[in-house]
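Peer 1: Taken in order, the sequence shown gives residues 1 to 284; the numbers are from the UniProt record's numbering.
Treat the hints with caution; some may be incorrect.
Simulated DEER-style distance windows between Cβ atoms [stated by the list, open to error]:
#1 G62 with R184: 52 to 60 Å
#2 R8 with L127: 23 to 31 Å
#3 P38 with V136: 12 to 20 Å
The hints are simulated quantities; they were obtained by calculation from the structure and are not laboratory data. Just so it is clear, CB atoms sit at the ideal spot from N, CA and C, and this is done for glycine as well.
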Amino acid sequence: MPWLTHLRSAPPSALIGLALVLAYALVALFAPWLAPYPEADAAGAQYAPWAAPHYLGTDMLGRDVLSRMIWGARNTVGIALVTTVLAFLLGTTAGLMAATVGGLADTLASRLADVLMAVPSLIFALLILTITGTSVVALVLVIAVLDSTRVFRLSRAVAQGILTMDYIEVARMRGEGLFWLIRREVLPNAAAPLIAEFGLRFCFVFLFISALSFLGLGLQPPTADWGSMVRESAKLIAFANFSTWQTATFGLAPLLPAGAIALLTVAVNLVVDWVLRLSSGLKE
1 MPWLTHLRSA
11 PPSALIGLAL
21 VLAYALVALF
31 APWLAPYPEA
41 DAAGAQYAPW
51 AAPHYLGTDM
61 LGRDVLSRMI
71 WGARNTVGIA
81 LVTTVLAFLL
91 GTTAGLMAAT
101 VGGLADTLAS
111 RLADVLMAVP
121 SLIFALLILT
131 ITGTSVVALV
141 LVIAVLDSTR
151 VFRLSRAVAQ
161 GILTMDYIEV
171 ARMRGEGLFW
181 LIRREVLPNA
191 AAPLIAEFGL
201 RFCFVFLFIS
211 ALSFLGLGLQ
221 PPTADWGSMV
231 RESAKLIAFA
241 NFSTWQTATF
251 GLAPLLPAGA
261 IALLTVAVNL
271 VVDWVLRLSS
281 GLKE
C-alpha cells in the first residue's frame, strides 16, 4: 500500500505527530468508556487532591477532572473538526467557483469576503453569539462562516494561478463544463496548499473555540470543554502552596487543559508539514 511506504519513510516528527493525533482521536471516540465518571456528575468533595479514585482531583463542584478532560477531548476536538470541515466546504466551493467563473460573480464574492475579513474575528464572533445565543449550532455556524473567508481567499488565489495553465485552455476548447474543470483539473492541482490550510485552519478553529469558551461564550456548562476548564481552574493558582504535593496540585490544575490544547496544536502542525511535503513532492 502506498500510504504504508510513505509511513515507513516518515520523519520522526511526523510519527510523533501522528501518534499524538491518533491518541486524541481514540480518547475522543471512546470517551464514554474511558471516562470514570459522567462529565457533569459531582463525584466527590470540592477540590479533592490528586489521589485515587480522583487521579487528577476534582473541581469546584466536585466533578472528576480526569473525566472532564476525557469528555473535553470529544467535545472540543469534535466540534472544532466539524466546524473546520464546514468552513472548508463553504470556502473552497465558493473560491474555486469564483475563480473559474470570473466576472461579476468573482467580484461580488471577493468583496463580501473582504467585508467579513475586515472585522476582527473574535469581536465579530462575540457580537453575533451575544445576539443569537451560545448554542452549539450557532457556535459552529458563526465560526465556519468567519473562517470560510480565509479559505475562500486561498482557494481563489490558487485556482487563478492554475486557470492560466495551457491544459486548462485545452480543456475549455474541448468543451468541458465548469464543474468538470473544477473537479478534474483545478481541485487536484490545488490539493497541496488546501491540505496544509486544512490542518492550520483546524488549529485556528480549535484555539478560537477554546478562547470563546474561556471568555464564557463558547461551549456552555455543564458541557466539558478545555477552554472553560482553564477559566474555572485559573483562580486556583493563587491558592497553590508548593510546600506540599496536595496543595501544589492546585497550581497545576489550569495547566492540564491548557497543555492538552497546546499539545494537539503542535501535533497537528507536525502532521500537516509532513503531508504537505508528500502532496507537493518537496524534498528535504
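Peer 1: Each hint should be assessed against the structure and marked as holding or not.
Peer 2: Do the hints match the structure? See the list:
Remark: the range hint 52 to 60 Å for G62 to R184 is upheld by a beta-carbon distance near 58 Å. About 50 Å separates the C-beta atoms of R8 and L127, a value inconsistent with the hinted range of 23 to 31 Å. Hint check: P38 to V136, Cβ distance near 18 Å, so the stated range 12 to 20 Å holds.
Checked against the numbered hints given earlier, this structure breaks only hint 2.
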